[in-house]
Amino acid sequence: MNFAFSEEQDALRETVAQFLEQKSASADVRTLMETTEGYDPEVWKQMGAQMGLQGLHIPEEYGGQGYSFVELGIVLEEMGKRLLCAPYFATVALAANAVMNAGSDSQKKELLPGIAGGETIATLAFTEPSGKWGADGIEMTYEQSGDGYTLTGEKMFVIDGHNADLIVVVARQAGTSGTEGLSFFTVAGDAAGLTRTALETMDMTRKQAKLEFSGVKAELLGEEGAGWAPLSKTLDQAAVCLSSEMVGGSQQVLDMSVDYAKVRVQFGRPIGSFQAIKHKCADMLLEVESAKSAAYYAAWAAAEDNDELPTVACLAKAYCSEAYFHCAAENIQIHGGIGFTWEHDAHLYFKRAKSSETYLGDASYHRELLAQRIGI
Amino acid sequence: MEYAPEQEAFRDEVRAWLDENLTDDFRALGGDAGPADDRDWDQRVVWERILGEAGWIGMGWPTDVGGRELGLIEQVIFNEEYAKANAPARVSFFGEGLLGPTIVALGTPEQKARFLPPILKAQEFWCQGYSEPDAGSDLAGVKTMAVLDGDEWVISGQKIWTTFAHHADWCFAVVRTDPDAPKHKGLSYLLVPMDQPGVEVRGIKTIVGSSEFNEVFFTEARTAKENVVGAVNDGWKTAMATLGFERGTAFLGQQLKFEEEMRHLIAEAQKRGRTDDPVLRERLADAYVRLRIMRFNGERMLTNLAVKGVLGPESSVGKLYWSTWHRALGELATEVLGADAMILGDGYEPDAFETSFLASRAETIYAGSSEIQRNVIAERVLGLPREPAAN
Chain A
1 MNFAFSEEQD ALRETVAQFL EQKSASADVR TLMETTEGYD PEVWKQMGAQ MGLQGLHIPE
61 EYGGQGYSFV ELGIVLEEMG KRLLCAPYFA TVALAANAVM NAGSDSQKKE LLPGIAGGET
121 IATLAFTEPS GKWGADGIEM TYEQSGDGYT LTGEKMFVID GHNADLIVVV ARQAGTSGTE
181 GLSFFTVAGD AAGLTRTALE TMDMTRKQAK LEFSGVKAEL LGEEGAGWAP LSKTLDQAAV
241 CLSSEMVGGS QQVLDMSVDY AKVRVQFGRP IGSFQAIKHK CADMLLEVES AKSAAYYAAW
301 AAAEDNDELP TVACLAKAYC SEAYFHCAAE NIQIHGGIGF TWEHDAHLYF KRAKSSETYL
361 GDASYHRELL AQRIGI
Chain B
1 MEYAPEQEAF RDEVRAWLDE NLTDDFRALG GDAGPADDRD WDQRVVWERI LGEAGWIGMG
61 WPTDVGGREL GLIEQVIFNE EYAKANAPAR VSFFGEGLLG PTIVALGTPE QKARFLPPIL
121 KAQEFWCQGY SEPDAGSDLA GVKTMAVLDG DEWVISGQKI WTTFAHHADW CFAVVRTDPD
181 APKHKGLSYL LVPMDQPGVE VRGIKTIVGS SEFNEVFFTE ARTAKENVVG AVNDGWKTAM
241 ATLGFERGTA FLGQQLKFEE EMRHLIAEAQ KRGRTDDPVL RERLADAYVR LRIMRFNGER
301 MLTNLAVKGV LGPESSVGKL YWSTWHRALG ELATEVLGAD AMILGDGYEP DAFETSFLAS
361 RAETIYAGSS EIQRNVIAER VLGLPREPAA N
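In order, the protein sequences belong to chains A and B.
Just so you know, we're using the numbering used here here: the first sequence kicks off at 1 and counts up by one.
Just so you know, we're using the numbering used here here: the second sequence kicks off at 1 and counts up by one.
Since the hints were derived computationally from the structure, they do not count as laboratory data.
Keep in mind that the hints are not guaranteed to be accurate.
What the hints assert, rightly or not - Ranges between beta-carbon positions, derived for each pair:
(1) A:G146 x B:V307: 39 to 47 Å
(2) A:V263 x B:P278: 44 to 52 Å
(3) B:H264 x A:P41: 52 to 60 Å
(4) B:L344 x A:D10: 21 to 29 Å
(5) B:A352 x A:G337: 33 to 41 Å
(6) B:E8 x A:D10: 24 to 32 Å
(7) B:R361 x A:D255: 31 to 39 Å
These numbers come from a predicted model, not from an experiment.
The beta carbon of each residue, even a glycine, is placed where N, CA and C say it ideally should be.
Same shape as in the complex, but just chain B (with noise of 0.2 Å):
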């Protein structure tokens, strides 16, 4: 990548602060912790305020609204100081960079004044209440319930998978808002306090022994009328367009957790006298040949994007490629780590490489699992039929 020379010279900005701010009681935070893991949130919530209060959450947000305007690439330049300074993982994810993009392009005046501060300062954090137990890749499918009471919404039904919703303020959920529509028609999509008699949070333990993900019931749970953003029953369209910001600009950043991951492998192999054997060394190259162009894809996209201004076909392919690389190289890491990666450390507790292994298995699922990723790419950048839905 070449940048521009102004484009360094925020490189320098971003380095400078993070040198005089992540003091070494944050570094120790960063490591490993990913965007679904939340060990140690109070501290990385206090973290968060500062990169806040430095204008570091919403810098690519309008001016208007609180944000800085900042271009694709500078973003992509803060996240990958960020990842190299070994900053703590982000916790404001799903305000920063779902529901806070959702109501810049799409919400009133009013929920850009109520919602988009505190948001900007690390203040409210939020979930996402998309998938249910019978709505997952068929989103469009969910049951909760929404229905008018004078001013307010009164919500039923359960929500699943909602990360981090037990340490959220606020949820935007899709609910079925008129029930006599099909299918697609009859959602809105709401924001609910969490804070209520009518919100439980039952946490779900995964695979990793963890549980950042949840379930939320809402029994009757109440929000005023007007958090609804965009129409009525035309909720469908709000909540594609909240997806369209999940690609963001992370993965530059992203794709250097990895790099750091994939060095430390191969150290391990090293030091384990494992890269004499040909099959392993082969696949430790393999792996790093893929990740090498997980990145060149990034930076791609990155440079059509910022030149040309627009997205390629490479810019469809980013969640299933890493999420493929990165199941594939937990399975690797365990054949690095032989008969030891049968032991945990005490308290079932995985290190970074069955923390990979295991955790992995989620990537592949969550965000659109990699199936839905291969209809996705075949039906919008192929142009292939869609299939004829039964429904």
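Just chain A, with the same shape it has in the complex (with noise of 0.2 Å):
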């Protein structure tokens, strides 16, 4: 493990950061949330064509860049401090690594490289209304049929379902339960069968859908009934890809309210000179700082592909999902009366927030699974 990033890592995350403060300002961001996309479809040619962002961690034989977690890391976080509204999360960090953990090298062949490219916006449908996050949360089935499968039922949250072009989807087949009877297949966005319903996300830069499918046709993607461990470990990768995103907004947050305590005055002084709002943000400061560590380990997990990445997913996104919270919230106490307009970005990223925290499972559970895992 080493904790410093490299020149190019530092020129990635400049450059990065350079093109989200053109494309992904304030005015933007809420231009876009208030569409039912939820984004600028010229913007995420030029993430995918110009600058090659959703193959960066794609292997370079699946039309990739061949870059590892950290890079991706690295991006998110930008991603997460400019709460860039595209469907990267959905299809880089979600579905490119269900399609990687689950398919066989054909299909890799033949789905990474319209992902990779910018072509293909792709998710994974896999929680349901029960809002459980694992395994025993999936309860629709599929069919055989003739030679091919048809799956039924009702996924919901499905982070840009309604945007998809490909939907990679987990079902189980009747009569298991639990982690047993998975498999993945693939469906396309505007296949028979398939409806889909854009739902009124709390946080509006991160649209999710509602995907009812009535014998739709799906092709299986990977190996019948045997989708847990696949799915496991690409709910880990996504939950250090969350955190990384998290992380980066945390750090924005607090920017934001040290600026404005640095400029604020009451009772003839900065608000920023008083204790009780100094003691806040060096508590934010440690926890973004701390939420920085842990999702940089984790991020190195997940590159190294290692035994520890099913633990450190778990502490990484347990604790960057209530630093992010807690800091957003703070935010907006420290910003006061303005704090809680619509006006103001403060709730933006206090949505984000909560969303954050809320999907692949919050802390509490993040900490029952890793205690489960280190065997507590």
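Combine both chains into one complex, guided by the hints.
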């Protein structure tokens, strides 16, 4: 493990930061969050064709850049800082990882180049109306019909589900339960029998959809019945990716708080000179720096694909999600009245913090998972 | 952490030395004795002198004052291996960790020649005369006075919370030498011998029942005129330089001690069947999360220092982080113990968990209280404006 970023990694961060400063300023975020799609196809194209961001950690043999989760983490951190409205997390952190973990070599060759090039928007549909994040939340069953498969049932909380060209679905064999009998499938976004409904998300910067499947024809992805191992790994990787994103958001709300505390004057002094505010900011810094350490370590474990990934993924998700939410909430408090207005950006981060904390399971969920994984 | 081959070789050297020298007698002194715990002091001094003979004290100091100029990474490796070997808690912290580096940085050649060799050989021990009854967090409020009388300073006043003063040969003390100058200006940093009629040490019994902290009374105590580090009346600068060394390189070793404590606590909870309780499970997992991150923070600080030569913001949170964590762990431990936490061993002897529960209340106070830590982080790292001073 080496916690210091290389010059090349620092340069990548700088390039992405500059790009997002141009393309994901507050005004852009506010415009896009009011749309149903929630992203700018032009920006998405630039991210793919010009910058290669969608293919960053996809191996070169599948059309990607061949970098690792460390570089992906850097990019996600910058995106989180700017609340980038784009189906990047769904496509790269969820779907691409699922395909890489579950798919056969020929399926990877078929599916990944489109993702890497930015032509394919993709997502992973695994959660259902129960809102459970583990294997037991997957009730949808698949049926064998002739030489293919069909899916019937409902998936919920599917990030960018209404935007996706490619939907990776997890379903189970009838009569199985828990981690047994799970399989991955791919479905086209416009498949017959699939009804997609965009949901009214509290966090308007990240869109979700409900997907209703009614005998939808699906392609098996990988091996039938062997879905749990690749799903579990995908969820761990996604938790790591989301942690990186949350770190960026945490740093941003800390910066907003500190900047404001320096200029807002009450009782004849900047409010940042009062210990009540100072100590909040100091605690936020401790959390932000600790979240960074956790997320960087977790990204390294994901890049190495080592035995530590399952534990540090839980660890990072648990810590970073609480840190982000706490910092985003304190940011509102430090801003006073302006902090709870629609006009100020504080609520956008507060809402993103909450959706990120909840998605993939909250901190309590991940602490329990961690307890199991370290044998408590 | 990735270490260079020569650093791994150094680790092997440390391990081999510990294997050979850390005999069972000494190993038996290890374990839970913390840096502010003076149990088995005399045997620990014997061990410290073995360390000194082998060149393990002041290993980062320049060679011209008797050190080995080993890098930060090597010092961390040593501390890690030392902790893993469960070697005795160090007794030379105030000399090696605080006064020594201060003299290396600001001392005269004569001071270096006089004071550094006995620290390196664990022949002289030091205590830190900073806090006073009316000068705790507001250190510049010290009232202990020193006036020149010919070739000697004459010192009168009271210090408090002086760890290991009862074992110390010398005290480095912040005293007022110009009562008319503004608060921070009239201070000097004096080196005062402890064995003299004008110095009286009284133990303070702490919450744990132990007496490693003391009051030190100076009644016309004396020290030579030249025993000032830095300029006369410029002692604030010297005192702050000393605090800059307090962070030290012991943190990863300390974190390993904490890891051991965490392991013991999980085992204790399992033994007592408490891990079926979902609330307790979650709190144990939370403590584990924060413990691992403590290490990640330390490694990140170290790597950035080694690779990029800068101390990042992550370096500022260490004291606040570990003291808060350990205090919470102590509380958690009492919940794991349940009713048994109410009962100590004969002679008011707390077990390791009960000791952590009690002693950790001091940890968020000494060496800069958590409130002062937050002020420092807010002002120096985040650049928030200072609070207008009332005086």
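Does the beta carbon distance between E8 (chain B) and D10 (chain A) stay inside 24 to 32 Å, or does it fall outside?
holds, 27 Å
Do the beta carbons of A352 (chain B) and G337 (chain A) sit within 33 to 41 Å of each other?
The hinted range 33 to 41 Å is violated for A352 (chain B) and G337 (chain A), with Cβ atoms some 50 Å apart.
Between V263 (chain A) and P278 (chain B), is the Cβ distance one that fits in 44 to 52 Å?
holds, 46 Å
Supplied distance hint 31 to 39 Å, evaluated on CB atoms of R361 (chain B) and D255 (chain A)
The hint (31 to 39 Å, Cβ to Cβ) holds, given that R361 (chain B) and D255 (chain A) are roughly 34 Å apart.
Does the Cβ-Cβ separation between G146 (chain A) and V307 (chain B) fall within 39 to 47 Å?
violated, 59 Å
Against the range 21 to 29 Å, how does the distance between the Cβ atoms of L344 (chain B) and D10 (chain A) compare: consistent or not?
54 Å Cβ-Cβ, so the 21 to 29 Å window is violated.
Would you say the C-beta atoms of H264 (chain B) and P41 (chain A) sit inside 52 to 60 Å of each other?
Given range 52 to 60 Å: holds, Cβ gap about 57 Å.
The structure does not agree with the numbered hints 1, 4 and 5 stated previously, though it agrees with the rest.
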